[in-house]
Each structure stands twice: as C-alpha cells, then as structure tokens.
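A.B. asks: All chains, full assembly: derive it from the sequences and hints.
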Amino acid sequence: MRIRCGVLCSLRQNSNTQFRNLAIEAKDPDFTQVAMEVSKITRMRPRWEQTILSDYPSFDFSDPRFFHELLKHQNNAFLSLRFFTWVSSNSGFSPDSISCNVLFDSLLEAKACKSAKMFLKLTGFTPEPASLGCYFRCLFENGLVEEAMDVFAKLKSDRVCLSTETWNLALVCCLRIKRTDLFWQLYQEMIECGVSGDVKTVEYLIHAFCDENQISKAYELVRQVLEDGLAPKNASFNKLVSGFSKEKNYERVSELLHMMIATNSNPDVYTYQEVINGLCKNRKVLEGFRVFNDLKNRGYAPDRVMYTTIIHGLCTGGWIGEARKLWFEMIRKGYLPNEYTYNSMIHGFCRVGEFGKGRELYKEMCDKGFGDNVVSYNIMIVLLCSEGSVSEADQMFKEMAKKGIIPDLSTYNCLIKGFCKEGKIEESIELLNQLMSRGVEKSSSSYTPLIKKLCQVGDMNAAKMLLDEMIKAGLEPRIDTLDAFAIGYCDVGDVDEGMEWLVEMLRNKLKPRKQTFLRLIGSFTRRDRLNDSLLVVDYMLRTGYILQKDMLRFLVHNLCQGNSNFVETYLEILERS
Numbered sequence: 001m002r003i004r005c006g007v008l009c010s011l012r013q014n015s016n017t018q019f020r021n022l023a024i025e026a027k028d029p030d031f032t033q034v035a036m037e038v039s040k041i042t043r044m045r046p047r048w049e050q051t052i053l054s055d056y057p058s059f060d061f062s063d064p065r066f067f068h069e070l071l072k073h074q075n076n077a078f079l080s081l082r083f084f085t086w087v088s089s090n091s092g093f094s095p096d097s098i099s100c101n102v103l104f105d106s107l108l109e110a111k112a113c114k115s116a117k118m119f120l121k122l123t124g125f126t127p128e129p130a131s132l133g134c135y136f137r138c139l140f141e142n143g144l145v146e147e148a149m150d151v152f153a154k155l156k157s158d159r160v161c162l163s164t165e166t167w168n169l170a171l172v173c174c175l176r177i178k179r180t181d182l183f184w185q186l187y188q189e190m191i192e193c194g195v196s197g198d199v200k201t202v203e204y205l206i207h208a209f210c211d212e213n214q215i216s217k218a219y220e221l222v223r224q225v226l227e228d229g230l231a232p233k234n235a236s237f238n239k240l241v242s243g244f245s246k247e248k249n250y251e252r253v254s255e256l257l258h259m260m261i262a263t264n265s266n267p268d269v270y271t272y273q274e275v276i277n278g279l280c281k282n283r284k285v286l287e288g289f290r291v292f293n294d295l296k297n298r299g300y301a302p303d304r305v306m307y308t309t310i311i312h313g314l315c316t317g318g319w320i321g322e323a324r325k326l327w328f329e330m331i332r333k334g335y336l337p338n339e340y341t342y343n344s345m346i347h348g349f350c351r352v353g354e355f356g357k358g359r360e361l362y363k364e365m366c367d368k369g370f371g372d373n374v375v376s377y378n379i380m381i382v383l384l385c386s387e388g389s390v391s392e393a394d395q396m397f398k399e400m401a402k403k404g405i406i407p408d409l410s411t412y413n414c415l416i417k418g419f420c421k422e423g424k425i426e427e428s429i430e431l432l433n434q435l436m437s438r439g440v441e442k443s444s445s446s447y448t449p450l451i452k453k454l455c456q457v458g459d460m461n462a463a464k465m466l467l468d469e470m471i472k473a474g475l476e477p478r479i480d481t482l483d484a485f486a487i488g489y490c491d492v493g494d495v496d497e498g499m500e501w502l503v504e505m506l507r508n509k510l511k512p513r514k515q516t517f518l519r520l521i522g523s524f525t526r527r528d529r530l531n532d533s534l535l536v537v538d539y540m541l542r543t544g545y546i547l548q549k550d551m552l553r554f555l556v557h558n559l560c561q562g563n564s565n566f567v568e569t570y571l572e573i574l575e576r577s
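Under the working numbering, the first residue of the sequence shown carries the number 1, and numbering increases by one thereafter.
To be clear, the hints were calculated from the coordinates, so they are not data collected in a lab. The C-beta atom is built at its ideal place from N, Cα and C for all residues, glycine as well. Among the hints, erroneous ones may be present.
As the list claims (entries may be wrong) - Between beta-carbon pairs, the in silico distance windows are: (1) Thr543 / Thr263: 53 to 59 Å; (2) Ile479 / Val375: 28 to 34 Å; (3) Gly439 / Asn234: 38 to 44 Å; (4) Gly321 / Gln434: 38 to 44 Å; (5) Arg332 / Gln185: 47 to 53 Å.
Unchecked claim - With a straight-line Cα cutoff of 30 Å, these simulated DSBU-like cross-link-like pairs (lysine-lysine) come out: (6) Lys178 / Lys442; (7) Lys281 / Lys357; (8) Lys281 / Lys368; (9) Lys156 / Lys178; (10) Lys121 / Lys111.
C.D. replies: Printed below as a string of structure tokens:
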C-alpha cells in the first residue's frame, strides 16, 4: 500500500517524539553535565580525541543515552558526526536507530550530502522514508545523480510518494547537468505515480524539449498550457525564442513575443537579447541592430551583454564604425567593456585591415587585466599573422606556454597557416606534430595550408603522404586541397596526373575552382594537346563556368594556327561561353 506524504510527516514526528522521550529518560545528571562539557570541548579543542578519555577516565561514552544528550546540546551536525566516528572506533558502542536518524537528518539539513553518504556507509542503517526523500533531494542538489537514482529505486520499491516540489527539484537538476535522458525517465515515473506537476514542471519540460532541439514540441506545449490558464515565466519563453532564432524561424519568434504580451509576461531585456543574438548569428546583423535601436527608443536599457552582442555582430559583419559608436555609448552609460567586448573590437579591426588600432586595443585590454586566455591570444595571433608578423605571433604562442595557457585547435591552425604563407614548411610540420602529440582534435584546416604549400613548391610526394594521413585520421579533404594537387601536378609537368585529379573530383560531384580548369587548359595547349584542352573546356562549361576573353584569344591562337578545322570548334566555344 502506498505511503502518503502526510504519513511521512507523521513518521518523522514520531521519530522526534521518541528522541525527546529518550532524552527525558537520559536526565541522569552525569549525562547532562558531561554532554554539555563535551560539546564545549569538541567546539574549542582542536585534537580533543587524544585527550577526551583521560579527561573522563571512568565515564562510559558508548552508552547510547549519552549520545542522545550530546546531540541535544551539540547543535552542530559536523561536530556530532565527528564524535560519532570517534566513539564508533571504540569497542562497545552500538548506535540505535533513533540516534542514527536524528544525526542523519541534521546532516541533510546542513546540506552535507557527502557526509550523510559517508555516515550511511559507516553505520549501514536504513533511514526512514521521509529521510530518504530528503536524501534524494540532497543528492540531486549536489550533482550525485547516480546515487540519487539508487535512492529513488529504494523509494519506488517502498511505494513512497514524493512531493511535487521534490520531483521538480530532481528534474531541474537533470537539466543543469545536461542529462535529458534521466529527465524523461524521472518525468515518466512522476506521471506513473499520479503526480501531475505544476507550472514549474511545465517550464522544465519546455527547457528539456529545447535542449534536445525539439523546439516545435516545446512550442505546442506552451500553446496548450496557455489555453489551460497557466503562464510559464519569461525564462521559458526566452528559451523558445532562442531556439526559433537559431532555426531562423522569425515568424514563430514574433508569435512568441505576442503571446508574452497577451499573457502579461512582457518581453524583457533578456528576451530581446535572444532575438538580437539569433539575428547576429544568422548574419542578419543590420536587422539585429535595428531591433537594438528600437529597444532603446522604447525605453529599454540594454546592458553590457546586449551591447557586446551587437558590437560583436557589427564587427563580424565589417561595420566597425557603427561598432565603435556603440563602444563609446556603452562606456558613457557606465558599462565598462569586458574581455569579450575587447576581443570583438580587436577582431573587427583585423577584418577591415586596421591592425594598428587592433594592437592598441589589445594593449589597453592587457593593461586592464584582461587578455590572459586562449581566446584573446588567438585573436592577437590572427592579427599578427595577417600583418605578416609570424615570428611575433610565434613568440606569443610560446608566451602562452609560460603562462600556463593551453593552446587550442584554432591557435595551431592559425600559426600553421601563417608559417605556410611565409614558406616556413619545417616550422609548420613541427606545429602539426605538436598538435597530434598533444591529443588535440584535428581538423582539415590543420592539414590544408601545409598540403597546398607542398603542392605549390612541387613536393607532391610529401603532399600526398600528408593527404593520406589526413584521410586516415577520418578528415574529409576540402575542395581547395584537391585543387592544389591538380594544379601542383601541372606545375611539375605531370599534366596527365593533374587531369586524373580533376576527373576524380568531377566523378565525386565536387566542383573544382575555375583556376584549376584554366591551368589544365593552358598546360595541355602549350603541349599542343588540343583535343585534351577542348575536353577540359567541355568539363569547365558543363560545370557552369564561362571562358573570359583572354583565354578565348589564347585558345583561338592555338586552335586555328596551321589547322583551319578547329575554326568550327572555336565558334562552338564562343556560342557556349
């Protein structure tokens, strides 16, 4: 038979009553006086365990009645547990269930979940159902999910009814640790127990759907609960706004904003933060900027996060002038830039080629105590490599190691690209080897600059070995990597091998760059292999490219020179181009 929640409260009250009755029985003056003295000793004396027996040579600390009295006067769960551990190490002490339950409950009230867990292991006693429910909550609050699920299995087998508040706590803890699998398992158990939940439960369901990218299901749930008269808090609407913004479903975003207004859950600055963030991430920066300005005109006060979001969007889009205006506006309103704002502006200056201003801002950022993180270093390394100051970028890379800042994939990829740009192949190879030895997850961008550079200098064997290594690592070569092989083989005189690479790309439905076609056409034509040239021209036109005037003149000169039969072919090329 299922134990109801009211019964649990009754059980706890009975336990407390039993404790008080035993405490009354323990009114022996020796117990009371010694308990008061020992309570003071355990609070004031650091290593009381070494002297307590000599202080009371004839006193029996193993008597359970004394521990009852001590708990009453101690009023500190941790000190009580320490005394319990000490007395348990002495022979003759046998703790009773009431003492264990009282101490266990006091540990839970102190949120000492790990200590409560240790106490259970030490004693092996089984707490009362009400205490188990509290333990279940405590475990979830401390992120000990697996242990909490073990306790849940015990509660379930004892047919214990958990309160809606406890269920909600367990559900939100699952969301915090990104365990939606456990979330749905617990929610199913909750429904089977006959607990329907409340508006908080609905909010957590919305968050769970959004975390699993099931935005449409979350949206339908919101519509349903609104019809039932429930109104989730803004945080749930904001989660949905963020989800639909990522999907570029701005019609749904607009509907949600109207829903919020209709239910008196007026959109707040965080709601519009999600709207603006979604627009900026989807390259609708100017639309996000319009919303931002509209908010200010309607009396909203953007915070530093919103300013940084729109500044980052403008810098990414290349509107550095507008970003600078917002930078100074933000400072005038009392919001000092943080490292993210600085990094956005530095990145913006790099995009438009204003490297000097980027350097100045980086120095200012470091002077204010920011900059000692991998993101800031990466931005500065990109800036230096873009300037051609690769040696200085390498010094910053080595400085990271001295400061204990671990480079990430972007750091390595940027430096490899920078070294390749300057023709420093050995340095690039060394960096790639470092990347592999440190176990950092690689990307095609780690290999591509080096492969392209090797093809450019004619070392096709080394480039091919690197490509094979890249494919073995499970990375898909980029099209420009394959283009580099076709052009590289043409440059070393092996035009047939270059043609093989082109044909292989077309066979795999990849679109080579126009430059690759032109290089092959030129190579075949200079070797008087006009039929092969025309074959490449045919591939090129079928791919969707057209021939420019210079290449047409080049072909006409070679096709018609000493062979009038090619005139008809030339006219066909003109027509198709």
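A.B. asks: Now look at each hint and say whether the structure bears it out.
C.D. replies: Quick rundown of the hints versus the structure:
1. In this structure, threonine 543 and threonine 263 meet the distance hint of 53 to 59 Å, their C-beta atoms being roughly 55 Å apart.
2. A beta carbon spacing of about 29 Å between isoleucine 479 and valine 375 agrees with the range 28 to 34 Å that was offered as a hint.
3. For glycine 439 and asparagine 234, the Cβ-Cβ distance of about 42 Å falls inside the hinted range of 38 to 44 Å, so the restraint holds.
4. At about 40 Å, the beta-carbon gap between glycine 321 and glutamine 434 stays in the expected band of 38 to 44 Å.
5. A hinted range of 47 to 53 Å for the beta carbons of arginine 332 and glutamine 185 is consistent with their spacing of about 52 Å.
6. Between the alpha carbons of lysine 178 and lysine 442 the distance comes to roughly 26 Å, so the proposed pair stays at or under 30 Å and holds.
7. Between lysine 281 and lysine 357 the CA atoms are separated by roughly 25 Å; this keeps the pair inside 30 Å, and the hint holds.
8. A C-alpha spacing of about 29 Å is found between lysine 281 and lysine 368, which places the hinted pair at or below 30 Å, so the restraint holds.
9. Proposed proximity of lysine 156 and lysine 178 is supported: the alpha carbons are some 24 Å apart, at most 30 Å.
10. This hinted pair checks out: lysine 121 and lysine 111 have alpha carbons roughly 17 Å apart, not beyond 30 Å.
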